[in-house]
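Sequences listed follow chains A and B, in order.
According to the working numbering, the first sequence is numbered sequentially starting from 1.
According to the working numbering, the second sequence is numbered sequentially starting from 1001.
To be clear, the hints were calculated from the coordinates, so they are not data collected in a lab.
Treat the hints with care, since some could be wrong.
[Said to hold, decoys possible] Derived pair list, reagent style DSS-like, types lysine-lysine, alpha-carbon separation capped at 30 Å: (1) A:K92 - B:K1009; (2) B:K1061 - B:K1029; (3) B:K1009 - A:K28; (4) B:K1009 - A:K31; (5) B:K1029 - A:K28; (6) A:K92 - B:K1061; (7) A:K31 - B:K1029; (8) A:K92 - B:K1089; (9) B:K1087 - A:K92; (10) B:K1005 - B:K1078; (11) A:K87 - B:K1009; (12) A:K92 - B:K1078.
As the structure is a computational prediction, the values presented were derived from the model and not from experiment.
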Amino acid sequence: MPEWQGQIPVGPDYVTAAPVELPPEMSKSIKRHYRRSMGNAALFATLAAQTAVAQSGLSAAELSGGRTGCVISSTLGSSSEVYESTKAVIEKRFNELSSCQFFRIVSHSSAFNVANFLGINGVQLSPCSACASSLQSIGLAYEQILAGRQEVFLSGGSDEVTPIVVSSFRHLYALADSRELTPQEQSRPFDARRCGLVCGEGAGIMVLEEYEYARRRNAPILAEIAGYATNCTGSQISQSDSSSIESCMRLALDDAQMSPEEVDYISAHATSTVAGDREEAAAIRAIFADRVPVSSCKGHLGHTLGASGALESAAVLEMIRHGVILPTGNLEQIADDCAGLNLPLAPVQRQIKTVLKNCIAFGGVNASLVLKTPA
Amino acid sequence: MIREKLIAKINQIFVEQFELEPAELTPEKRIFEDFALDSLDIVDLVTGLQRQFGISLRDNKDVLAIRTLQDVYDLCEKLVAENPDIKAKLSD
Chain A
1 MPEWQGQIPV GPDYVTAAPV ELPPEMSKSI KRHYRRSMGN AALFATLAAQ
51 TAVAQSGLSA AELSGGRTGC VISSTLGSSS EVYESTKAVI EKRFNELSSC
101 QFFRIVSHSS AFNVANFLGI NGVQLSPCSA CASSLQSIGL AYEQILAGRQ
151 EVFLSGGSDE VTPIVVSSFR HLYALADSRE LTPQEQSRPF DARRCGLVCG
201 EGAGIMVLEE YEYARRRNAP ILAEIAGYAT NCTGSQISQS DSSSIESCMR
251 LALDDAQMSP EEVDYISAHA TSTVAGDREE AAAIRAIFAD RVPVSSCKGH
301 LGHTLGASGA LESAAVLEMI RHGVILPTGN LEQIADDCAG LNLPLAPVQR
351 QIKTVLKNCI AFGGVNASLV LKTPA
Chain B
1001 MIREKLIAKI NQIFVEQFEL EPAELTPEKR IFEDFALDSL DIVDLVTGLQ
1051 RQFGISLRDN KDVLAIRTLQ DVYDLCEKLV AENPDIKAKL SD
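Construct the entire structure; sequences and hints are all you get.
Here it is in structure tokens:
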């Protein structure tokens, strides 16, 4: 069944989050030598990576000692720079473009720009998979550490909002476009009046470390990755289905050697599309029924695309730290096709020890990460 | 007068493109060592000069000999001398 079935947006106007306007002094805090090869996605990733490294206390020597890697990805290297390049080619003025134009648009632009900026010289990977990009990045970094390939990773994702992205969602009838709702109310996962997603942009970057390595250097351990899995439908490119999402969550729990009863909170992918939320809700219901609180960050942040998995995982870490589960933004009346879940409508004070985080992407891709509080 | 305008326009590229301070732009400065430019920046310098003066530099082998800011001034001065249209524009 197509993503848009049963819900066709009204009117010609589409709603999207305003692009991030970085203060010039923030952009220029990255030296020109590094900034010249960055589109916005890579710039967002670098600024986030800088903050993550500062919080982690990793030294320059640790970053460049060969045991630190970098796994960062996005939907496109930089959709705004793809647009600029294409326009220049069509207008026959390609020779006017920056020498770094191609470095801004290649798919692993965020990964190598962060590595170059921080002097990271270990493994560099970029598993681009649209909206599952950053969760797959974290998962891949976790697997690399488990395999003993590296001890530390900068991992996550970044993305930017441009007409290429927004128009593509709109063309598929997946973009929120309700005349009855204000722009702030449009993104409302699991709600009866949901009608599509709202695009956002930004970056989420985490520092992942082998556990003993982190303990030896007295790193501030915010959480542990207990398990991870990724799979795909193999049958549908525009959306996932409940069966494969359920399989993915079960695989992640198996990897974590945990039962569903041990999960305290589920951070859903739920983008506010009609079909996407319905399929994920069915998958969650099949495993957890209404026992575990579920919410989606996208009612608050919009859908930050390739950044969403890592950005929302960062939000989850804050929920763990504060002992509170945030409800889904704008969720007022739970939709019939999302009923049977524990969907809080107000903040829930609760000690959170184990979290399941989902991401779902074009290509029928699913990814699930299990986080737990430090031992 | 033409040379002063030429130098001002070249310096403008270094300030805008490479974010250098105007005070740094003295002729003896070495492009790579003192300004920390690299081969990618030279591509952008060529692009900037082409845009600024409307000349074709991309296949000019003299570009490869550029080492100092003075070399850039000299090369552009030579090209301007060979091109009456650019000379006329700078004379305005």
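Status of the hints after comparison with the structure:
Straight-line distance between C-alpha atoms of A:K92 and B:K1009 comes to about 25 Å, which keeps the hinted pair within the 30 Å bound. For the given pair, B:K1061 sits about 21 Å from B:K1029 by alpha-carbon distance, which is consistent with the 30 Å threshold. Straight-line distance between C-alpha atoms of B:K1009 and A:K28 comes to about 24 Å, which keeps the hinted pair within the 30 Å bound. Simply put, B:K1009 and A:K31 have alpha-carbon atoms about 24 Å apart, close enough for the 30 Å limit, and the pair holds.
Straight-line distance between C-alpha atoms of B:K1029 and A:K28 comes to about 24 Å, which keeps the hinted pair within the 30 Å bound. Distance check on the hinted pair: A:K92 and B:K1061 sit about 24 Å apart at the alpha-carbon level, within 30 Å; holds. For the given pair, A:K31 sits about 20 Å from B:K1029 by alpha-carbon distance, which is consistent with the 30 Å threshold. A hinted pair counts as satisfied when its Cα atoms are at most 30 Å apart, and A:K92 with B:K1089 qualifies at roughly 25 Å.
With a C-alpha separation of about 27 Å, the suggested pairing of B:K1087 with A:K92 holds against the 30 Å cut-off. Of the pairs offered as hints, the one joining B:K1005 and B:K1078 holds, with about 14 Å between alpha carbons and a cut-off of 30 Å not exceeded. Proximity of A:K87 to B:K1009 is assessed by CA-CA distance (about 27 Å); at most 30 Å being required, the pair is judged to hold. For the given pair, A:K92 sits about 28 Å from B:K1078 by alpha-carbon distance, which is consistent with the 30 Å threshold.
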